[in-house]
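Residue numbers (the working numbering), protein chains in the order written: chain A, 534 to 1051; chain B, 34 to 200.
No wet-lab data here; the hints were simulated from the structure. Possibly wrong hints are sitting among the right ones.
The calculated label-pair distances, taken between Cβ atoms and stated as ranges, are [stated by the list, open to error]:
{"no.": "1", "chain 1": "A", "residue 1": "Phe-614", "chain 2": "B", "residue 2": "Ala-75", "range": "27 to 37 Å"}
{"no.": "2", "chain 1": "A", "residue 1": "Ile-779", "chain 2": "B", "residue 2": "Gly-64", "range": "23 to 33 Å"}
{"no.": "3", "chain 1": "A", "residue 1": "Pro-793", "chain 2": "B", "residue 2": "Ala-74", "range": "14 to 24 Å"}
{"no.": "4", "chain 1": "A", "residue 1": "Trp-973", "chain 2": "B", "residue 2": "Val-87", "range": "39 to 49 Å"}
{"no.": "5", "chain 1": "A", "residue 1": "Leu-980", "chain 2": "B", "residue 2": "Gly-194", "range": "17 to 27 Å"}
{"no.": "6", "chain 1": "A", "residue 1": "Val-1025", "chain 2": "B", "residue 2": "Lys-198", "range": "55 to 65 Å"}
{"no.": "7", "chain 1": "A", "residue 1": "Asp-872", "chain 2": "B", "residue 2": "Val-87", "range": "38 to 48 Å"}
{"no.": "8", "chain 1": "B", "residue 1": "Val-87", "chain 2": "A", "residue 2": "Ala-855", "range": "53 to 63 Å"}
Built from N, CA and C at the ideal position, the CB exists for glycine as well.
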Amino acid sequence: MSESNKNGIGKFIGNLKDIINFLPNTVLRSKTLDSDKTKAAVMVNNFFLHLQGAKTHINTLRPAYTFGMGLISLFLFFFAFVSGVFLMIYYNPSIENAFNTVKDIKYVVFGGNTIRNIHKWAGEGMILFVMLHMARVFFTSSYKKGREFNWIVGIILMVLVFILNFSGYLLPWDQLAYWAMVIGANIAGSPVEITDILGVTKYFDFGGLQKELFLGGTVPGKATLPRVHFFHVMFLPVILIIFLGIHFWRIRKDGGLTRPEEFEPRPSDEKFLAPPQKKGGLFPTNKTYGLMELAKGRTPAVNNDIENAVLSWPNLMWAELAVFMLTFAGMFVYSLYIDAPLRELANPIIPENPAKAPWYFLGLQELVSYSAFMGGIALPTLALVALALIPYLDREEGYVGVWFSNTQGKVIAFLSFIVGTAALIGVLVFIVNFGWIRTWWPDVPQLVIIAINPGTLWVGFVAAWSLMIINKTGSTRMGAIAMFVMFLVSFVILTYVGTELRGPNWDFYWSKKDWPVH
Amino acid sequence: MSNNMYCAHRDPDKKGKEEGVSRRDFLGLAGIATAVVSSLAAVLGLVRFTKATVHYEESHKFKIGKPEEFPVGTIKKLDDKKVFIFADNEGLFAISAICTHLGCIVYPTEWGFQCPCHGSKYNEDGKVIGGPAPRPLPWLEVSMHEDGNVIVDAGKEVKKGTKFKVA
Ligand code: HEM
Ligand code: FES
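Throw the hints in and build the complete structure from the sequences for me.
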């Protein structure tokens, strides 16, 4: 039957039956995925997939290189996003209703408790995995070779993740939320300590302005919740998504992930590295120029660039699917068994004792208990700036893609870990037993405490130690390793102390069992 | 800013024109400056928008009752107002219960006041004797309303030791 005498209705029925086959083809822009070329085309021609290359280096697929931690962070963000959209259906950001709507979600709404748990744990999980991801990027020197700026984008993402979590736990208007607003607002206002000392608060009250912009007034109240809500559900996620876009776009433009210069495939890789089967066209339509015209470098990469790389479809896709499923399973099971806390209704008259932030802020809370301005603003800012500048202060080119660079790197990391742990625990033991300057001389000026407190001394020590390492080894990379290890040590130890060893009145207790009952 | 971004076609022979800013440079720079200044103005305006003009909050100034309700020896915490009221032979005085560190509410102890949040300690006068608090607990202005009620103004700090003598 030739085309011409096929009747219209027949054609229509035929098309209708064929939708199931034709529609996927139009999505993937290819009929069959049976050759290297069509498999490459599927990656190149799909909006989401083209963020990844048509080919992926084997090293990238080795689980022990990235541990998939960036990807886990991304998937956790996705889960937090989706669960958050559903929470919005019931949540109401007014001080009259907020607490009740959250209680409603937790106790009444079908699946509400689980969705809320998923939202909470996916959000907190991002903190954990983003920091682990940063550590992986750092220790494999992956902030080098054109990736300097992407490291800064990463730091911005990390800050956004922290602020997103913070703004999130302000929303239920329970005791945690209320007193976190009070304390957060006063930390925002703490530059007033400095402007007071300089005597310029009258003219330029920067701290006061920050506090006021946060609270929409002078105390947490009906003006505060709507703006915090707006930040949490609109502003911060949009900014985060924009920066995620930049992050991924840059990874792609930098030629994928870093890898060691000398890379030897293992025998087990052989079957993936089969010679290309050329069949079918790469592009379904005619193009007027080829990608090589845009490629960076002296010559278009003809045969050398794709060494040791395998097709992304399906190899990378399987790996990503596996990470996705593991992340989902872990988060889901955790959320089924562990409930996100909800404290009592906000009570402006009396704070809880102890009034503790969630775990990821307890290191900061410990620092803040030495000095509000230093612990809450100056030192965290300093730490972030120091982290952000790592690629600019260490530009040594070797060892990219190699964990800890070399034997010396491992030694420095280990040494810094031991020295840092001992020194920081020493400082903590000292203040727990002997107090600090104000305990001995109550009349000492505030400026002295701002300048000299356990937090500033510790940061000074880390700086001195890192410079010493640079001097001894003649290598900026070694100095960076020393500093980064000590940063991780401080985060972990301070968080542990704040979480486990601080009790009522922020006093020191070996265990919760020793807390006074009242 | 003397780079050649805007004058790629500048002729090196025309020495006279090299000095000063060429018309093309000037227009370019003026354009950029205008864009920067107007964006800054817009941002400032938006920040000002974000800062509330009116605070719908409780007044700082409140009545606490007739003087007779505070006989000598009184130590009373007004929970919702976050102040302590004291009365001794020299008169009435009020001390704020808001920790000067980061705003938690202190509670009275045998030796003064304790903050639960980060461990600040104050003596009975509100002076810092331990912990991170940067300033003493403020003493607040106490006065008398014409209807015979005592007023405390939590927005007005007075010197330590200022006591209000009921006439
Ligand atoms: C929301 C937070 C973040 C997400 C979702 C994210 C996601 C990712 C993903 C999926 C990758 C691919 C490789 C991998 O999985 O390890 C990656 C690579 C990278 N990330 Fe992140 N990231 C985040 C935060 C950060 C932070 C905090 C830093 C460092 C300060 C950072 C720096 C980098 C760099 C430099 C690369 C390229 C690494 C290489 O070439 O080997 N990212 N990121
Ligand atoms: S708020 Fe009182 S010690 Fe921090």
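Hints violated by the structure (listed by number, smallest first): 3
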